[in-house]
Amino acid sequence: MKLQHLPRLCLSVLAASFVHLSAQAQAPAAPTPAAPALKPLKLIVFDGGWNLPLWAAQRQGYFNEAKLAVDMTNTPNSVVLVKGIMEGRYDIAFAGIDNVIGYQEGQGEVPLENPDMFAFMGGDNGMLSVMAAPAIRKGEDLKGKSLSVDAMNTGFAFVLRDFVARSGLSQDDVKFVRAGSTSNRFKTLLAGENDATLLRTPFDLMAKEKGFTELAAGKSLGNYQGTVGLTTRRWAAQNEDALVNFIRAYRKGLEFIYDPKNRAISEALLVANTRDITPELAKSALTQLLENGLQRNPAFNVEGIRTVLALRSKYGTPQKQLTDPMKYIDSRYLEKAGTQ
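So the sequence shown is residues -25 to -1, 1 to 315, counted in mature numbering (1 follows the signal peptide of the UniProt record, and there is no 0).
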């Protein structure tokens, strides 16, 4: 190659490089990989402190980490909740396991066609307290009084019926009336519309603060499986990954609220999500939830379910003898989530 041709060659190389670089600069940048889409999940619950693990999981982003976009709705009563689950308007619910048993056995408040509900995880021991007007000091004083329940044939109504019986009264000695969710029953009790009811944390503490009488609470009412996570078998079969991921996120929420470092945040969540609760009362409510209410391990309390079955066998209509807890629960999703 002759030296006089070198400058021309260099210019050609530079020109080609410039064209290549210009083309690169003008070309659109490679798209950034899109974030994984979150699966919408519609959740319906009763309003109350037992939702604290759910609120924590939502606040801390555990549901989003599990690729779920959870939309939580409070129900006014168990009928709305159960019908919403069965009609597919909601995917998952948190309610007393007695609702599952009652409707599966054809003893629910309203008839359902081919119900296929089941419980996939435990939640709490019911956290039940029989609360009454200040003038009522013992169970026998309930004679002739009005007692409110969520629904006549499901939920925690049979616990209250059994307390009446153990107080030496007949079912005809009192008047049972429907009043819906715990928060609604709390309001009607304070307003004097009913004389006694079952309340759950923190509503029992809020009633005591206002001078209402606690007639019975906790273990005195028996070993009991209260709230459970429930859904339909058809939804679970089609959404197994979402259900397993939901359980994992819920468990993270549990771990968060049980960590003493997070106590202030947990108390703030109770205040933010419970009407009329004071910061001071939230401290007591959190202690009660952690020590005497929520299940730190969301496995099922099988003996507690037997208590529910015994009460339903005694008070449910049409009457049936119910003895098999396994008929209403399925632990496979807990096992797959690694929480069993």
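Since the hints were derived computationally from the structure, they do not count as laboratory data. Source: prediction; values computed, not measured. Where hints are given, some of them may not hold.
What the hints assert, rightly or not - Simulated crosslink set (DSSO-like; lysine-lysine; CA at most 30 Å straight-line):
1) Lys120 to Lys236
2) Lys295 to Lys311
3) Lys42 to Lys120
4) Lys162 to Lys113
5) Lys42 to Lys227
6) Lys150 to Lys183
7) Lys258 to Lys295
What the hints assert, rightly or not - Label-pair ranges, simulated between beta-carbon atoms:
8) Gly313 to Val277: 17 to 25 Å
9) Gln296 to Arg112: 43 to 51 Å
10) Arg112 to Asp216: 48 to 56 Å
11) Pro51 to Ser145: 50 to 58 Å
12) Ala285 to Gly81: 43 to 51 Å
13) Lys258 to Gly36: 19 to 27 Å
14) Arg141 to Pro293: 32 to 40 Å
15) Glu168 to Glu40: 38 to 46 Å
A virtual CB, placed ideally from N, CA and C, is assigned to each residue, including glycine.
Review point. When you check the alpha-carbon spacing of Lys120 and Lys236, does it fall within 30 Å?
Key: 45 Å, violated
Check your understanding: CA of Lys162 to CA of Lys113, is that 30 Å or under?
Key -> Between Lys162 and Lys113 the Cα gap is close to 21 Å, so the pair holds against 30 Å.
**Study point:** C-beta pair Pro51, Ser145: status relative to the range 50 to 58 Å that was hinted
**Key:** Given about 30 Å between the Cβ atoms, the range is violated.
Check your understanding: Between Arg112 and Asp216, does the beta-carbon spacing fit 48 to 56 Å?
Key -> 53 Å, holds
Check your understanding: Does Lys295 pair with Lys311 here, judged by a C-alpha cut-off of 30 Å?
Key -> Distance of about 33 Å is beyond 30 Å: violated.
Exercise for review: Would you check the hint for Lys258 and Lys295, treating anything up to 30 Å between C-alpha atoms as holding?
Suggested key: 43 Å, violated
Review point. If you check the beta carbons of Arg141 and Pro293, does the distance land in 32 to 40 Å?
Key: About 24 Å separates the Cβ atoms of Arg141 and Pro293, which means 32 to 40 Å is violated.
**Study point:** Glu168 paired with Glu40, Cβ distance criterion 38 to 46 Å
**Key:** Holds - the Cβ-Cβ distance for Glu168 and Glu40, about 44 Å, lies within 38 to 46 Å.
Exercise for review: Would you check the hint for Lys42 and Lys227, treating anything up to 30 Å between C-alpha atoms as holding?
Suggested key: Given pair Lys42, Lys227 holds - Cα atoms ~14 Å apart, limit 30 Å.
Review point. Does the Cβ distance between Gly313 and Val277 fall inside 17 to 25 Å?
Key: Distance hint for Gly313, Val277 holds at roughly 20 Å.
Check your understanding: Is the hinted pair Lys150 and Lys183 satisfied, with a Cα-Cα distance of at most 30 Å?
Key -> 23 Å, holds
Exercise for review: Mind checking the hinted window 43 to 51 Å against the Cβ distance between Gln296 and Arg112?
Suggested key: 36 Å, violated
When the structure is compared with the earlier hints, violations turn up for hints 1, 2, 3, 7, 9, 11, 12, 14 and for no others.
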